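A.B. asks: Each chain, letter by letter, is given below.
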Amino acid sequence: MKKIPQIPPRWRGSLLGLLVLALPAPAWAHAFLDHAEPAVGSDITQSPSAVKLWFSQELEGAFSKATVSDAQGQEVDKNDAHLDANDKKLMEVSLPPLASGTYTVDWTAVSVDTHKTQGSFKFTLKLKS
Amino acid sequence: MAALGFGTVTARAHGFEAGRFFPPTIQTDDPFATDELSFPTISTFKNAGSPEVRNTSAGFEFDKEIFPKFAVGVSDDVQHLTASGQKTVTGFDNLSFSAKYQLWEVPEHEAILSVGCLWEVGGTGSKKIGADSNNVFTPTIYYGKGFGDLPDALNYVKPFAITGTVGEDIPTGGESNNLEWGFAIEYSLPYLQSEVKDIGLPHPFRDLIPLVEFALTTPENRGGGPTTGTINPGVLYETTYYQFGAEAILPVNHATGSGVGFVVQLQIFIDDIFPKTFGHALFGKDQ
Chain A
252 MKKIPQIPPR WRGSLLGLLV LALPAPAWAH AFLDHAEPAV GSDITQSPSA
302 VKLWFSQELE GAFSKATVSD AQGQEVDKND AHLDANDKKL MEVSLPPLAS
352 GTYTVDWTAV SVDTHKTQGS FKFTLKLKS
Chain B
89 MAALGFGTVT ARAHGFEAGR FFPPTIQTDD PFATDELSFP TISTFKNAGS
139 PEVRNTSAGF EFDKEIFPKF AVGVSDDVQH LTASGQKTVT GFDNLSFSAK
189 YQLWEVPEHE AILSVGCLWE VGGTGSKKIG ADSNNVFTPT IYYGKGFGDL
239 PDALNYVKPF AITGTVGEDI PTGGESNNLE WGFAIEYSLP YLQSEVKDIG
289 LPHPFRDLIP LVEFALTTPE NRGGGPTTGT INPGVLYETT YYQFGAEAIL
339 PVNHATGSGV GFVVQLQIFI DDIFPKTFGH ALFGKDQ
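Top line first, the protein sequences correspond to chains A and B.
FYI, the numbering for the first sequence is 252 to 380, going by our numbering.
FYI, the numbering for the second sequence is 89 to 375, going by our numbering.
Hints are computed from structural coordinates only; laboratory data are not their basis.
None of these values were measured; they are calculated from a predicted model.
Worth double-checking, as some hints may not be accurate.
Claimed, not checked - Derived, one-sided and incomplete: chain B residues facing chain A with beta-carbon distance under 8 angstroms:
hint : residue
1    : G107
2    : P139
3    : E140
4    : R142
5    : E256
6    : N265
7    : E268
8    : Y275
9    : Q281
10   : P290
11   : P292
12   : Y325
13   : N341
14   : A343
15   : T365
16   : L370
Idealized CB from N, CA, C, for every residue including glycine.
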């Protein structure tokens, strides 16, 4: 009778790992910045009413934040960073009318599984005179 | 999430310094003491010799953070050796254990320095493939530096990062002491897109980290021979739950081998797939 090949014990756990990969995973993971408005590193000509940050995962609003600072390091946002009511992957912070200059957005994102990421980018406003 | 309140420790995991993600690299070890699982790592390369021996291997590595910023790991691989005119042999290499501690970090400069030690346990592998019967201890320094702190005039240089290791093989038998050294130079397109400038790269291109790794061994005594090693250009592809890497293996000299080999690796982000089990120290609170 033909002998059925046995999976060596050392490999069984490995195959289990591959099986786990194939299963649909819950939406838990580090939240990375997907895109933003104004876009990362962009030059814009109109003062934005808010900075919007779209992430790869849903965030925990109480522990996620974003600030906008001018070239002198002074915070210029309205200190109201919050998640969109209909999209927990979108965080936005409101802005007053801004003067021409380069601004820095600093963000901290805590995903719903407590993974924390952070980042920073700039955009430049050149108002038409 | 009802369980999340003031004082809750956020899961750390992954290798981050500020906004810089340092990916786990293939031929050299990254400087982070975090939960990691690489399986499988599959490679093939023709080693120097008379006759030359083609070594095809498949292996794994698992690392677990035990105390904050201190992790231990275990690794092994199975090797399949073929040579012209000789019998093919297959067997497991020696089991290896590691310990690593993140000693010093400066997040605003995307810099990290770690120390650790590797222990190749002699006699645990197959003699058929030539697994060493002696133990080898390798105290090691690990480092990493991202270039995000460069002036804005060098914006497109900012996505570069370098990681590397310097270790000293200390065998318990009669083999030579060796300097084990290597480094990886990587250019992170995810970093470019999210930290420097959104140039409109679509997925999956914006998820790629091209890199080149250098892995070298310099014998120091007992007739150990010349420096040997490989140069490994390739690319890492980042997703939410895993990283896939592929590199060519190029020998630095004839003493190393001939021809071009390759290595592929699947790095499973177990801290993202199982956040309640992985991504934090077993004992103590993450800092």
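A.B. asks: Which of the listed hints are not met by the structure?
C.D. replies: 2, 3, 4, 5, 6, 7, 8, 10, 11, 12, 13, 14, 15 and 16
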